[in-house]
Amino acid sequence: MKVRNALLAAALVMPAMAGTEAPIIETVAPAPAANRLKGSVTFGYDSNYTGRGYVVSHSVAQGDSVGYGALKTNYDIGKPGGWTLGFTMAYTAPMSGHTLYGNPRLGGNNIVGTIPHPLDKNIQVPVTGEQAGAAGKTIGEKNIENQFSIIADTKYTSQSELWNVTFGYHYNHGGLLGVMAKHYRGRGASSVNELFVTPEWTPHKALAIGMKTSASVGGLSGWWFEPYVTAKAPIIGTPEDLTLLGMVTVGATFSSGIFADIYEACGNGMQAIFVKFSTPWFVTDNFIITPSVSFNWLGNGGNDANRRSKVRYATGNSTMIPFKDFAVVAGVSATYTF
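Using our numbering, read the sequence shown as starting at 1446 and increasing by one per residue.
No lab work stands behind these hints: they were computed from the structure.
Note that beta-carbon positions come from the ideal geometry of N, C-alpha and C, so glycine has one too.
Incorrect hints may have been included.
[To be verified] Simulated pairs of lysine-lysine, DSBU-like, Cα-Cα distance not exceeding 35 Å: (1) K1650 <-> K1600; (2) K1600 <-> K1755; (3) K1600 <-> K1627.
[To be verified] Here are the in silico distance ranges between beta carbons for each label pair: (4) A1634 <-> D1686: 47 to 57 Å; (5) W1726 <-> A1676: 40 to 50 Å; (6) V1486 <-> P1736: 10 to 20 Å; (7) F1783 <-> A1705: 36 to 46 Å; (8) G1761 <-> G1484: 46 to 56 Å; (9) T1683 <-> N1762: 30 to 40 Å.
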């Protein structure tokens, strides 16, 4: 039990990127040579719909909370400090409606608001009720689909265990990335394909510093950068006999080339920044309960979506924006390892 908990605590350093595209819970312990295949099953709940650091507004999601499940396996193909293979399959579903903005429809010819001029943001162009009605009809055909993700990766850990690097492929269907691909870019499909690399420096067992860099090669085109710092320490127990672990992660999301021009919902640059606290509780040798809370702020790039929201202007409703400027997201997950 002591060794098992120590390994799990070490493995928990990487995960907890609040507002990533899928709630991947890294609780697979490094496997001994005699039993190299390990895995975990996780089910959880978050109080808000999040993705890439964004917290989706109540208007967009027709609610807030989501439920999710994830299966992760890990196979050690070498000696400790060598290569491991990972596979993750995750599914996320909103606990409320899926239609963006609840399908608003307006009629008539009265002016209901203004929107920025396509070529000059300082000029406001009137929007009539007739135009708004047309926009509402289009929006009514758009929705947030349940999110399905598959991630395959390989990780190399140095013999000194002072650094590691992960290379991988991520397939995503639905969710917020799916909305960006299908509705921002008009692809006709909500699938996104990415290649990623995550170098990580671990100068101490209690500290990890890294950055995930993702290249979108299908559905979206461009780059995502997600730097993070994670620190952890025992709250109850010791590293050798752990009961309750305290963790804090500070992270951010940046984009480059994802949002091509002013017609895109967001602008490039900083999309979001967050601070997440979590306390994994090792109930038994194979069962972990993890409550968490994160504080999320929208960056300038993400704020462009709120400033440009055509639905906000067309409806005259200031709440009709894609993302929350600030949000507190609470969550809890249960993980069984095998």
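Evaluated hints:
1. K1650 <-> K1600: holds (18 Å)
2. K1600 <-> K1755: Measuring from Cα to Cα gives roughly 43 Å; hence the hint is violated.
3. K1600 <-> K1627: holds (32 Å)
4. A1634 <-> D1686: 47 to 57 Å: Because 50 Å falls inside the window, the suggested range holds.
5. W1726 <-> A1676: 40 to 50 Å: About 18 Å separates the Cβ atoms of W1726 and A1676, which means 40 to 50 Å is violated.
6. V1486 <-> P1736: 10 to 20 Å: holds (18 Å)
7. F1783 <-> A1705: 36 to 46 Å: For A1705 against F1783, whose Cβ atoms are near 44 Å apart, the range 36 to 46 Å holds.
8. G1761 <-> G1484: 46 to 56 Å: holds (51 Å)
9. T1683 <-> N1762: 30 to 40 Å: The hint (30 to 40 Å, Cβ to Cβ) is violated, given that T1683 and N1762 are roughly 54 Å apart.
When held up to the earlier numbered hints, the structure conflicts with 2, 5, 9 and fits the remainder.
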